[in-house]
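*Asks:* This is what each chain is made of:
2 protein chains.
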Amino acid sequence: MEGCYSPQARNTVHRHRERAKYDFKTVHSIVNASPILHVSFLPTHPDDDPFPTTLPMIGYMGSFDGPSTGALDVYLHGHSASRVMRLAGNHKSEGIPVCIAATLLDGIKLSLTPFNNSCNYRSVVLHGYATVVTAEEEKEWALRLITDGLVPGCWDNSRVPPTRAENLSTSVLRVHVASTSAKINQGGPSDDRKDLQDDEVTSRVWTGTLPVWESIGTPIPSITNKVAQAPKYVLQWRQNRNAENESYARQSVEKGK
Amino acid sequence: MEGCYSPQARNTVHRHRERAKYDFKTVHSIVNASPILHVSFLPTHPDDDPFPTTLPMIGYMGSFDGPSTGALDVYLHGHSASRVMRLAGNHKSEGIPVCIAATLLDGIKLSLTPFNNSCNYRSVVLHGYATVVTAEEEKEWALRLITDGLVPGCWDNSRVPPTRAENLSTSVLRVHVASTSAKINQGGPSDDRKDLQDDEVTSRVWTGTLPVWESIGTPIPSITNKVAQAPKYVLQWRQNRNAENESYARQSVEKGK
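Read top to bottom, the protein sequences are chains A and B.
Residue 433 is where the first sequence starts when you use the working numbering, and the numbers rise one by one after that.
Residue 433 is where the second sequence starts when you use the working numbering, and the numbers rise one by one after that.
Derived by calculation from the structure, the hints in this document are not laboratory data.
Fair warning: there could be bad hints in the mix.
You can't tell identical chains apart in this list, so a pair holds if it fits in one copy or across any two.
[Said to hold, decoys possible] With a straight-line cut-off of 30 Å between C-alpha atoms, the simulated DSS-like cross-links for lysine-lysine are:
#1 K664 x K457
#2 K664 x K626
#3 K687 x K664
#4 K687 x K457
None of the values given here were measured: they were computed from a predicted structure.
Just chain A, same shape as in the assembly (with noise of 0.2 Å):
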């Protein structure tokens, strides 16, 4: 699984460049880490509606085919009905242009100034194009994809298959990439040297990082739920994500001093 997706002009990172990553294992490891990707698309009557929308949706990267050369495609689920379901089904095509964002905010990085306050974070970005998976092996392979990729061994301990109601109401969209880029940060912050020499500013201004991370809670049992325990696959999940969001947000601060 090494190799790296092609940099093309769109997304190629002319600001700090020194945190811009273009390898498949980057750019899949936060994907895959990011609960709710942001996918846009255009407007379809510019005209009279001039404005991209922006839409938060699940999904998950993974290859159908098997990783050939380590490239991977992005499977978002969505309801049959929904608008950009309707428009990528609609194109007869390579498939519509989308813009999927993922953020992982990992800290809150506070300088002597505003000016120099920044974040550490893990994002994406990526261009690719969006086609309605119709062959029903790789719908239901999508659709377990992004259930284990939101909480792992969901599938297998819920009741599958999807009957054939559930199948017609959601639709798979699959999003191959055309280019993408990652953009890391770390460290703690960093001020101007003017800054730094002024006594009166370095006795007053505290300095430093506020880790941030996703917490997962302890599960509440629905109000039909009938079994007595919350299952080991969830508890497991829940500790393990937990322990590796904090760790990530702590040892960032570490890693880029």
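Fit chain B to the supplied structure of chain A, relying on the hints for placement.
*Replies:* Same frame as chain A, now just chain B:
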């Protein structure tokens, strides 16, 4: 501060209308609780490069002229040389059309079937016209708004005002809202009657909600920091924010029941 943004065709919620909100208070509170906003804009040369682009940015809603109708603008900051700032700066008319998405994930809901899995969330999708703020007074006001929007009190506890060089290299975008809508999902998972009546399924599959919220960890001083204790405004904000975030995620499960 009562009143609503006028829904337009582009952002009228059709699926799960009961989750849609258009009032000022809901929209502003979701955008301002989101540390990261995803800002999308159209391709500049659609024939060569057909993709929209989405960037993670920091921003906050406010009104420089004071709230008259109750509607607010979104202020975003970025490096003056960044693409979106150059695009908006070169635009002579009402500004460039953008879409801003703010999404807070509050819970993962596990149902009897993957098909009925869903999330608790608060989201806003906002369309508007972005222009670069040129008036000095509005720009400094906006930088303070955005700085204190991330960590309240930060501006007054830092070295301010910005120097001339700092002012030149930071730009502020003002996005005038054309239309917007919020969507809120709360409660526990729901299931189809057929699955709920199937004892084999209900005795085997746990259903419930994993509350999710953003945690802020203990402050980590920078290597150049000379102030003994992290300041009260940081510690107090961290404590309140963690308590509010956790409490919202847990209570949203109950609220929607």
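*Asks:* Cα distance capped at 30 Å. Does K664 pair with K626 within a copy, between copies, both, or neither?
*Replies:* between (55 Å within a copy, 26 Å between copies)
*Asks:* When no copy is named, should K664 and K457 be tagged within, between, both, or neither for a Cα gap of at most 30 Å?
*Replies:* Classified as within; 29 Å inside a copy, 40 Å across copies.
*Asks:* At most 30 Å between CA atoms: does that hold for K687 and K664 within a copy, between copies, both, or neither?
*Replies:* Answer is between: at 27 Å across copies they meet the 30 Å cutoff, but 33 Å inside does not.
*Asks:* Since the copies are identical, ignore which copy is meant and state whether K687 and K457 lie within 30 Å (CA to CA) inside a copy, between copies, both or neither.
*Replies:* The answer is within: 19 Å in one copy meets 30 Å, while 40 Å across copies does not.
Checked against the numbered hints given earlier, this structure breaks none of them.
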